[in-house]
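Taken in order, these protein sequences are the chains called A and W. Number 1032 in my numbering belongs to position 176 of the first sequence; there are no gaps in the numbering. Number 204 in my numbering belongs to position 191 of the second sequence; there are no gaps in the numbering.
Careful, some of the hints might be misleading.
Straight-line Cα separation of at most 20 Å, EDC-like style, residue types lysine to aspartate or glutamate; simulated pairs [as the list claims (entries may be wrong)]: (1) W:Lys289 to W:Glu42; (2) A:Lys1091 to W:Asp159; (3) W:Lys194 to A:Glu1084; (4) W:Lys301 to A:Glu1084; (5) A:Lys1073 to W:Asp31; (6) W:Lys123 to W:Asp68; (7) A:Lys1102 to W:Glu234; (8) A:Lys1091 to W:Glu322.
Just so you know, these hints were derived from the structure itself, not from any lab. The structure displayed is predicted, hence computed values, not measured ones.
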Amino acid sequence: MNIVVAIKHIPSIADDLPVKGNNIDFDSVDFVLNEFDEQSIEQAVLVKEAIGGTVTVVGVDLIGELDSVLHLALAKGADKAVKITADEPGADSHMQAKWLAEAIRGMSADIIFAGVQASNDLDGQIGPMIAAYLDIPYIGGVSSVEVTGNTATVNKEFAGGFGAKYAVSLPMVVGVQAASKPPRYAPISKVRQVAQTVTIEKIAPTGDANSGLTFRKIAPPAMTGHAEMIGGSSKEVAAKIVELLKSKGLA
Amino acid sequence: MSNDVFVITDPLDGEFSDVSFEMVGKARELASAFGGQAVAVVVGAGADANVFASDATLQIDDPNLEQFNPEAYGKVIEALVKEKSPRLVMFGWTATGMDLAAWLSVRLGKPCVAYGRDLCIENNELVVTSQVYGGKMIAEITPEGDMAIVACLAGSFPVEAGQGSTTATTIVSPISLDGLKTKFVEAIQPAAGDVDITAQAKLVSIGRGIGSKDNVELAEELAQKLGATVSSSRPVVDAGWLPRTRQVGKSGLKVKPKLYLMLGISGAPEHLEGMKSAELIIAINTDKKAPIFNVAHYGATADLFEVAEAMLELL
Ligand SMILES: Cc1cc2nc3c(=O)[nH]c(=O)nc-3n(C[C@H](O)[C@H](O)[C@H](O)COP(=O)(O)OP(=O)(O)OC[C@H]3O[C@@H](n4cnc5c(N)ncnc54)[C@H](O)[C@@H]3O)c2cc1C
Ligand SMILES: Nc1ncnc2c1ncn2[C@@H]1O[C@H](COP(=O)(O)O)[C@@H](O)[C@H]1O
């Protein structure tokens, strides 16, 4: 089984996002792996462990810092890593999906995993786009995957615990919401060992695509309905909250 | 080309989710500005489609569309949109719309805006406001060309404006659905047996800031002292620290307690969908820019462990 995971390196939202002109100042943000890609890597490795095969992780190297992410994926059980060297920190989903689809086309993938969404998917997610480029089915919001023969059985989540089970003839693209087990931990020593022994394959981006979106402006939300902030030390904060709750008959 | 606005309605358990009505209301406004019609599109014949305040409602009847099937729905919507060429196609940024909007964008070569919060028309140009980066940034976007696809976050517009009784016109599928590779197998029901967080008056809700499974105990203790129940954001459940039944939000449960005390939850739009109408929202977060502070009634930039420990001493 040829299992491929398409990942996305995205601006970290842990810190403030600097703005330059009408867009994020991509040169001065930290990039991190999309949180749902951690789930998608785990789900891919779980499928490999269940039925055998190889897991190839592929991503667009936007800022020349994708190696650490790929090493982590390898340490968690991926077998191969491929980076599309683009050096275009602001590449949108359409562009990345096109490059990824072209790279994956040559991999004879049986099943392709992607994170269900990323926080910077302004023009949509790469998962359904890759499926559209490769003309194969897509299902997102998936929280478990089992493969038997040429069929993947996936559970898709709706809301409030409701969901549906689908059987899909492979190949397909799966948009992973959560792996069927919480992602495993890779010890630092293992990541280091991988970094020293595995070579990351480099390929050039092929194809061109464009979201067709023009940014007029990007900014933090206007603080219209801001919370009333409780100041002071943690002890003071706690005291004020308890007082507030008591005054409302809630404690 | 037409100036119509198509709303791809969002099925939910034999009915329609609120965002379907929200979008129809907005579509009426936009269609009249464009000089076209607001058309509600109902894929599948399962639900009563005569419930929208649209100018027209199209219901597509085919046995392959009885249950949501992204492949079948995608094909039908693509064929319909190609045939009718609306100015704008609206989806909900929901479990179903998220499978279709970006896919359709690539199939048609038309731009797509996700995480839509608002749409307006300025000088005959569509401007979309989108909430990206986990709610930390708001972008104003103009999609180029003669057709745009916009996927809207639930809770963006009033529901009432889209409710009505327009009689639906039933049509057959504009495309053959033979040979689908995706088959619906069965519906999955919520797991029963745990407490029902939607029925609790007070929730102490924990997010990724809680750090580890061991720390959940602290939240349990605090909840017990307050006569509350512990709920959480999605990552806490995905990490296996709490059961799925405790998850609040878009893919979890919608709650409206008297008290929603949040410890280490950032306030991503998917979380807000489940709790923003709680009566009293108090958020503790170390990040003073956390989006939750735009929604909470009270907030403190503080360490959740220190605050929780201190509250325990006072209760
Ligand atoms: C289709 C879909 C459906 C989804 N459905 C849901 C859903 O139903 N519910 C849901 O919650 N999410 C859902 N999500 C996920 C959502 O996008 C966010 O990833 C999630 O809400 C983030 O959870 P969080 O706030 O706990 O984590 P984070 O965003 O990581 O935030 C953790 C916060 O804790 C703070 N913090 C850290 N340490 C401390 C400390 N010591 N003291 C105080 N604060 C601290 C940080 O500043 C940060 O703000 C969904 C996503 C998708 C794609
Ligand atoms: N005083 C307030 N400060 C901050 N947010 C509020 C306040 N009152 C209401 N909200 C939020 O505004 C939204 C609408 O509130 P309401 O109309 O009062 O139900 C909800 O998301 C509330 O959480």
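Hint by hint, here is what the structure shows:
no.	hint	in the structure
1	W:Lys289 to W:Glu42	26 Å, violated
2	A:Lys1091 to W:Asp159	58 Å, violated
3	W:Lys194 to A:Glu1084	53 Å, violated
4	W:Lys301 to A:Glu1084	12 Å, holds
5	A:Lys1073 to W:Asp31	29 Å, violated
6	W:Lys123 to W:Asp68	24 Å, violated
7	A:Lys1102 to W:Glu234	18 Å, holds
8	A:Lys1091 to W:Glu322	9 Å, holds
The structure fails to meet hints 1, 2, 3, 5 and 6 from the earlier list, while all remaining hints are met.
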